[in-house]
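Chains as they are written, first to last, in my numbering: chain A, 1 to 498; chain B, 1 to 193.
No lab work stands behind these hints, which were simulated from the structure alone. Note that the Cβ used here is the ideal one computed from N, Cα and C, for glycine as well. You may find that some hints are simply not true.
From chain A, some residues computed to sit far from chain B (all C-beta separations above 10 Å) [claimed, not checked]:
{"#": "1", "residue": "L2"}
{"#": "2", "residue": "V93"}
{"#": "3", "residue": "L100"}
{"#": "4", "residue": "E185"}
{"#": "5", "residue": "P221"}
{"#": "6", "residue": "A277"}
{"#": "7", "residue": "K485"}
One-sided excerpt, in silico: chain B residues whose CB lies under 7 Å from chain A [stated by the list, open to error]:
{"#": "8", "residue": "I10"}
{"#": "9", "residue": "Y141"}
{"#": "10", "residue": "H172"}
With a straight-line Cα cutoff of 27 Å, these simulated BS3-like cross-link-like pairs (lysine-lysine) come out [claimed, not checked]:
{"#": "11", "chain 1": "B", "residue 1": "K42", "chain 2": "A", "residue 2": "K333"}
{"#": "12", "chain 1": "A", "residue 1": "K449", "chain 2": "B", "residue 2": "K168"}
{"#": "13", "chain 1": "A", "residue 1": "K405", "chain 2": "B", "residue 2": "K168"}
Listed below are the residues making up each chain.
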Amino acid sequence: MLQISSDEIKKQRKLVITWGVTFLIAFPLLIVLGLLMRLNQGEVFDLGMDTFYVLMTLHGLGMAGVLYSMAFAALWYLISTRYAKLNLATGYVVYFLILLGVAGLTIATLIGKFGAGWYLLYPLPFKGTFWPGWATGLSIISLLILGVAWLVGIIHLIYALAKEFGGFTNLLGWQYLRKKEVDRELPPIVMITTVSLVPGVIAFLAGAVFLIMFLMQHLEPSLAFDPLLLKNLIFFFGHTLVNITLYCCIGWVYALLPEYTGRPWKTDKIVVYSWNATFFFILFAYFHHLYMDFVQPVGFQYAGQIASYMSAIPATAITMFGVIAQLYHSKVKWGVIPLAFLFGTAGWAIGGFSAVVDSTIAANKVLHNTLWVPAHFHTYMLGGVVLFILGFLFYLSHTKEEQEKDKSAKIGLWVFVIAVHSFIAFFYRGGLRSIPRRYADYKGIPIEKTHETGVVLAKYATIFIWLILIALLIMYMSIIIRLMKKKATPQPVSAKNG
Amino acid sequence: MVYLITLLTIQSFAAIISFIAGAVVVAVVLFLISTSSKEEEKTVAKKKVYKLRGRYFFVLSLSIIVVLLITLRLLPYERFQGEPDETVTVVAMQWMWKMDKGTTDKSPAEFMGANEITLPSNKKIRFVVTSSDVNHSFGIYNSDGVLVTQTQAMPQYNNTLEHVFPEKGEYHILCMEYCGVPHGLMVGKIHIN
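Just chain A, same shape as in the assembly:
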């Protein structure tokens, strides 16, 4: 039986707190970039178009990278303190490599003015650019460093789990399909970690392939690659990264929510079928990013819509109903942690639904690259992933009793949720009014109605960004004060969860 010493737990806790503090610093800074972008679109001031795209690039890359890294770090902590021995030095190597990658991207954007957007859509980084060549090179290398860090982290984690649970297929829960009684229960978080991170390995390898191609092009400008192939690789990488970030968070919801409801949440056949199906939906849903590329084989387009639609079945019928089964008539005390998990699940549901709408090819024709797109991904990232992460950070800093009694944290959370959904409502409205996304401003749009609507929506949305920052500050004070006082101790490991 696995023995993890209290000293090991203490060291892993130090690592995850380092991660948490880094997240708490980076996250609001990246929000400020978003605030500046919306103020520019609202014509409150004029940043200049080039600066706007620099900020857009850093905001997009930064948010996707920071949220995924924090989600991974949270899983790492829970796995290393409960289910498998993870090498602490590897954890720090991953952390410092990610810092290095982020530092490189920050220099490439803020100093080098690299502004190709998070997706560096080929061949944009090499044609008609306003930034120097070194900024492109540094961005590519920084992204490669991030990819290597994430790959090292995932491979170590999956290897350690496979060793502990007797093989890779056991991590996917296949033993539940073979036998009536399993020798050892598989905690859902272990299966979800596997289902989320293995597609991550494939996606990061795809990312590495396109980044190496980019590096070759950067060194030898006469080279030319197939833009459709590159588009597939880029969106497979980007979509999967964002998608698995959310699924990583669901892993700890399965593990931690039962500690507050007192109801076990175990792996069974249905949960296994559900998450194994999700594994495939993660891999094929990215095709919905290429619907407007009419030359893409039509079978892929069908696959994109079908996978996107089908992913709603395990997500809602199994996981969301699982959350309902946890909470319904449970007499749970609504501390900040179960509230954050419930609100996060709601954000996932709403964002997921609007994503499914956009994944309908017939609707995508008029929603693609309008503000509907940032609307839906902000709903499940800001209204989902961030709430799950905040819930986890409260778990690190607060005891069960503290999180129930902490009124200021709860006020901060409610204000945050209301502000987030209000802010996002302006994106949805913009999408429905056909306002295009990734416009530095709307001054060049000759349709007066579209221009005016875009400006008004951007300007008023900023009120709620300020509110989001205030709500974060309230919650931060609660988290940081408790972490600094070192009063908080992690909740005891629940026997029910393994």
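Based on the hints, put chain B in the right spot on chain A.
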């Protein structure tokens, strides 16, 4: 009901169903919070929820099949029966549109065209869209500011978009794919008479 649906644009249909879905989620959240003070034996509560889940699973699966069957027949890739009334070559470049009637043998870089074009209403128009540099997207907006259709303009590939303009008037082309700093200034015009 069918008549009502045909009156709705895709955008308003998306708004209505998304609003309903959002309202259902909010209702479930408020219900869970307001009723959680009641305590029920966990197996009884679980049984109730899972009974509902069974029904939900059935309704959701059926809905997905029906919606897939309907929507996968409404693809923008469909071609007109027979030949189009007009073919237009469109070449996107940083940061303008080049359009001309007919097809071309010239390379996208050599192709000459104008940023504006006049086309007939209620005719089958085929746009053959490509790019001479980076990815762009050919988004057609009506005079009311509603995006009516789009396709990507990608170097090395031709995307064929077919459309009938039901009304006379001015349509604008906006670029829908980030293509460099002046992306928001890449505007073209289609006069429909």
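Each hint tested on the structure:
1. L2: holds (28 Å)
2. V93: Holds: least Cβ distance 34 Å, greater than 10 Å.
3. L100: At roughly 27 Å from the nearest Cβ of chain B, A:L100 sits farther out than 10 Å, so the non-interface label holds.
4. E185: holds (18 Å)
5. P221: holds (14 Å)
6. A277: Since the minimum Cβ distance to chain B is about 12 Å, A:A277 lies beyond 10 Å and the statement holds.
7. K485: At roughly 30 Å from the nearest Cβ of chain B, A:K485 sits farther out than 10 Å, so the non-interface label holds.
8. I10: holds (5 Å)
9. Y141: Nearest chain A Cβ about 6 Å off; hint holds.
10. H172: holds (6 Å)
11. B:K42 with A:K333: OK: B:K42 and A:K333 at ~16 Å, within 27 Å.
12. A:K449 with B:K168: Within the cut-off at roughly 19 Å; holds.
13. A:K405 with B:K168: violated (65 Å)
Of the numbered hints listed earlier, the single one contradicted by the structure is hint 13.
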